[in-house]
Amino acid sequence: GQSDIVNILIQYGAAVNIQSQNGFTPLYMAAQENHDHVVKMLLSNGANQSLATE
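The sequence shown: position 41 = 41 (full-length UniProt numbering), numbered continuously.
Misleading hints may appear alongside valid ones.
Said to hold, decoys possible - Simulated restraints on C-beta separations:
| hint | residue 1 | residue 2 | range |
| --- | --- | --- | --- |
| 1 | D4 | A52 | 28 to 36 Å |
| 2 | G46 | S20 | 12 to 20 Å |
| 3 | Q49 | S3 | 28 to 36 Å |
What the hints contain is simulated information worked out from the structure, not anything from laboratory work. Backbone N, C-alpha and C fix where the C-beta goes; we use that ideal spot for every residue, glycine too.
The task is simple: from the sequences and hints, build the whole structure.
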């Protein structure tokens, strides 16, 4: 599922704080979609919850 893919991406060095063209981060998108396990995974791997979206 979602968390399996996120885990693989993190293992291969995906940037957890990258922002889309609209300024959305993976953390923001996971929270918007209520993917709590992904939110916890991103936070435990350095996602910055203080990044503002544009």
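Verification of the supplied hints:
1. D4 to A52: 28 to 36 Å: 29 Å, holds
2. G46 to S20: 12 to 20 Å: 18 Å, holds
3. Q49 to S3: 28 to 36 Å: Between Q49 and S3, where Cβ atoms are some 18 Å apart, the hint is violated.
In terms of the numbered hints stated before, the structure departs from hint 3 and from no other.
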